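Asks: Produce the entire structure from the sequences given, and follow the hints as far as they go.
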Amino acid sequence: MKKFLNDPVSFVDEMLEGIYKAHPAVTYTAGDLRCLVTAKINPGKVGIATGGGSGHLPTFLGFVGDGMLDGAAVGGVFQSPSAEQMYQVTKHIDQGAGVLYIYGNYTGDIINFDMAAELADLDGIAVRQVVGNDDVASSVAGEEHKRRGVAGIFFIYKTAGAAAAEGLSLDEVTRLADKARLRTRTMGVALSSCVVPEIGHATFSIGTDEMEIGMGIHGEPGISRKKLAPADAVVDEMMDRIFAETDYKQGDTVAVLMNGLGGTPLEELYILFRRVSLRLEELGVTVKHVWIGEFATSMEMAGASISILHLDEELDRLVAAPANTPFFKHIAE
Amino acid sequence: MKKFLNDPVSFVDEMLEGIYKAHPAVTYTAGDLRCLVTAKINPGKVGIATGGGSGHLPTFLGFVGDGMLDGAAVGGVFQSPSAEQMYQVTKHIDQGAGVLYIYGNYTGDIINFDMAAELADLDGIAVRQVVGNDDVASSVAGEEHKRRGVAGIFFIYKTAGAAAAEGLSLDEVTRLADKARLRTRTMGVALSSCVVPEIGHATFSIGTDEMEIGMGIHGEPGISRKKLAPADAVVDEMMDRIFAETDYKQGDTVAVLMNGLGGTPLEELYILFRRVSLRLEELGVTVKHVWIGEFATSMEMAGASISILHLDEELDRLVAAPANTPFFKHIAE
Amino acid sequence: MTLQTLNAANFIDLFRSWRMLFAEQREFLIALDGKVGDSDLGITMSKAFAAAAEALEAEGEAVGIAKLLRTAGATIARTAPSTMGTLTATGFLRASKVAEGKEALDATGVAAFWRAYRDGIAERGKAKVGDKTLLDVLDPIAVTLEAQAAAGASLSDALSAAAKAAEEALEATKSMMAQHGKAAAFQEKTIGLQDAGATVGAYLIRRMANVVEGI
Amino acid sequence: MTLQTLNAANFIDLFRSWRMLFAEQREFLIALDGKVGDSDLGITMSKAFAAAAEALEAEGEAVGIAKLLRTAGATIARTAPSTMGTLTATGFLRASKVAEGKEALDATGVAAFWRAYRDGIAERGKAKVGDKTLLDVLDPIAVTLEAQAAAGASLSDALSAAAKAAEEALEATKSMMAQHGKAAAFQEKTIGLQDAGATVGAYLIRRMANVVEGI
Ligand SMILES: Nc1ncnc2c1ncn2[C@@H]1O[C@H](COP(=O)(O)OP(=O)(O)O)[C@@H](O)[C@H]1O
Ligand SMILES: Nc1ncnc2c1ncn2[C@@H]1O[C@H](COP(=O)(O)OP(=O)(O)O)[C@@H](O)[C@H]1O
Ligand SMILES: [Mg+2]
Ligand SMILES: [Mg+2]
Ligand SMILES: [Mg+2]
Ligand SMILES: [Mg+2]
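Residue numbers (our numbering), protein chains in the order written: chain A, -1 to 331; chain B, -1 to 331; chain C, 172 to 386; chain D, 172 to 386.
Hint data in this document are derived by calculation from the structure and do not stem from the laboratory. Errors might be hidden in some of the hints.
[To be verified] Mimicking DSS-like on lysine-lysine, the simulated pairs with C-alpha atoms at most 27 Å apart in a straight line are: (1) B:Lys225 / D:Lys268; (2) D:Lys360 / D:Lys206; (3) A:Lys247 / B:Lys19; (4) D:Lys206 / B:Lys89.
[As the list claims (entries may be wrong)] Partial selection, computed: residues in chain D whose CB lies under 8 Å from chain B: (5) Asp209; (6) His351; (7) Gly385.
Bear in mind that the values here come from a model prediction, so they are computed numbers and not experimental data. Built from N, CA and C at the ideal position, the CB exists for glycine as well.
Replies: Now the structure itself:
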């Protein structure tokens, strides 16, 4: 294991100490470093909370800030935070308008968020949930409820965050977040494993000339493992799977998130995006918004994912809205 | 070599095609993809050009945009662009107020920028040069002119870009850029090698438990190779070298750039920054601005660098100013 | 000496014993969860029961069974927010409710304990019997205990019948395909392997039976 | 057949020969630059001279020596903007100026060629003799050629003396410590190694001598 750390056990808390020192725009509640909340509470606004394991920066906590989220419960590396932590975040960010939970479709997170929602309910806090399940590779069409949530959750955050910033109601913010969820698809590919600090060795092994299409961001098995193909062929395989279950038509607009898993250089993401963009052009689909970089990582894993949000008028408006968080800044045109 | 690419020879141009597709705020001049310029020329403003090898994204070209740079000549991976390309960028961005070149202290770049400046001079374009040499590890104190330019060039860009945006003259922008240069120090550490696409194998080899303190961003040898130490000890060694040749005093303010070299997860950068911040606190020095992430990379190299700019009043003002580039956005408070 | 009922002091002993159990089985559970999961089960279960046992000892028997079980649930929820950690916490919190006001649990009381434990986990996890989860052993545990209690069996006989049923049910998980959690991604590869969470369930009941029998 | 002077057609041949030379020495130069540099020298020099030779052939002898050298310089500057590429380009651009209006270069003309080549590179690179660079062979080349020309030597004798001097000077770079470019970072480690750029310089002059001698 070749990492900058002092002790695998204190990895997450020391990371958080660094985050609080660097970003005064976020702080923590309940005396627990892992209950991260925005320092700037907006009275009357719907609160948006997320949470999940560490090791995916900037997901999840990195998107707490103006125009995005209000709080994040932070778990150990690839481990769910506790229901209690989620509940503490919920209490802190509720401003009377209720709280929306947005998180990824993983059993551990679901049961904890469910438990937190029950606790919040006892306090009279209205809670809604939208559970990201954008990973096309993780289950067949028709079984979407079994799909994992990966990088595409960014679009749900962006949509819901902008809707809440506009002052919309909990039900309306939830409706829009859910719409973004339903219209987002992601395909990923991994070239190398990550190493969980407390485990200390690679989560999986993969040949020096192999790739795994569809691997999850914790190293969950993908669809196929084969010889690394040229970048364009890799993109084609991923785009074909996305196209197979979407109905993009000539004249439609999309937002694209070209995400690196941690170890892949930015240069390569642009080579991949070049092809993504060509494939969409061929269909007559316009890329209205695009973000390229690291958004949902898997520690030092080399690999990438393509997330596409099928826009409509209101999604376009919300995705275009400004955002200002420690890890993500968007300046509206 | 495990990279997303189609052909090592077309690596840079396909990356650029991706960049132009993603970011309409930048375009190219002279019919040459590698002559990248801002799409929004500001008449009367001092133009700022940079340039250097590819493989360091977001350095160099990523900082072309509002409040930062106006153009960048783009070389092959770790290769200088040509004097002709620099000259074409210069011609395009000159708005009558002259052009400042800001680039790193590497022989290949210097002789090409010198040649470009001569060509521009023949056209009557006033050119000044500020050559970044922030890498403490690359030569001893007293021999600063031999030092390489690394991530700290970001502070020179930020300072000069803000000064030019304020409408200051070429001499004044140059003075401020040079001041930022003189007050910036960087120390780096590498944990693994990068792979240059056209070479196809690791630039250097390093043991699975080793680190190299002071390694350059092209794999140039550093100061010492030893067993990977705990994160705090690694930071201490780097900070001690920076402190040894700066005169930070109680009450002083600094800007910090905690930079990842490409393969190191963001989580680890925050663990490192935690210690950086503690060491500065001990001296009574306040971190007024901090950026953490990937700013000057070396493809997929695992490693990090710490750059510190010793602020004064005018540098503080310029560093704090807003910026909006494809790869770097700063929203002033 | 075989116990006829489980009182607060016995529960403190039981958690101490569970703690030892998971310390011993730590590596085995890590390896088992590692086959079609993320290898954390041994770590989370040993952490969870170590923390719970300590919390119960600190609290002492005077607070009564219900309070001890509530403490166990809350402690586990905090220290091990993984799937199994949270489900286990939920189980104890629900069991705590049926123990409310009781000095000691006899066979009927223990049957109610495990029914509540099972129902809580079923509600929380939304899995069905046959989905290759913990629930596949909790269900026969609850059903067997209720039948035994209805038939007037002693606590020790009821528990050993339940433990036997659990072990058979665990064996039966081998032929199932995982539908939930990280294992679900491995699909066919999970066939032939016993479920990791169900293994924990079988351990819990066998150890409870042993403690009652004074083994 | 030994040449007495180098005319435009001879320069086209010479660049063709240089192109072959660097194609052959590609791997050797990659390895040499790799020891204390970035391994690109073999790639850049073979690219540079391939492009230059092609450009000269396309242009043809009719344009004259000066124009051919200018084309060589501009082509190399474009195709190989590395340190050696740009220095080499600068060398040919400066040499082009002294060849202005000349039909052919005799020993005196070739001495002027190499003096201009050396001066251009010295100005552009700001290195001094003894800094372990290309300049350490360019300087004896220029000096030897001037002395030979002043003494009335034939072009071929002058060039073979210069090539010999260059090779000795190259050998002498082994004992120097690099002050410039990527090698400078390696400090003491550069001692014992011949300089990569100086190696290119020695190659250029030896091949020019061979072409003149008709080898
Ligand atoms: N929805 C569910 N309901 C009940 N039990 C479940 C459910 N999902 C998973 N499990 C159980 O959890 C076990 C895995 O637990 P654990 O390792 O804690 O999961 P994770 O590491 O994914 O959080 C499985 O073997 C299974 O028995
Ligand atoms: N300032 C300089 N002046 C003259 N020659 C130089 C200078 N710096 C480096 N060189 C020569 O350049 C050679 C390396 O060339 P090259 O591989 O093209 O450099 P880089 O890869 O660093 O751009 C060195 O061996 C040396 O002879
Ligand atoms: Mg990275
Ligand atoms: Mg697990
Ligand atoms: Mg070189
Ligand atoms: Mg080079």
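Asks: Decide, hint by hint, whether the structure agrees.
Replies: A quick look at each hint next to the structure:
{"no.": "1", "hint": "B:Lys225 / D:Lys268", "result": "violated (56 Å)"}
{"no.": "2", "hint": "D:Lys360 / D:Lys206", "result": "holds (9 Å)"}
{"no.": "3", "hint": "A:Lys247 / B:Lys19", "result": "holds (20 Å)"}
{"no.": "4", "hint": "D:Lys206 / B:Lys89", "result": "violated (38 Å)"}
{"no.": "5", "hint": "Asp209", "result": "holds (6 Å)"}
{"no.": "6", "hint": "His351", "result": "holds (6 Å)"}
{"no.": "7", "hint": "Gly385", "result": "violated (36 Å)"}
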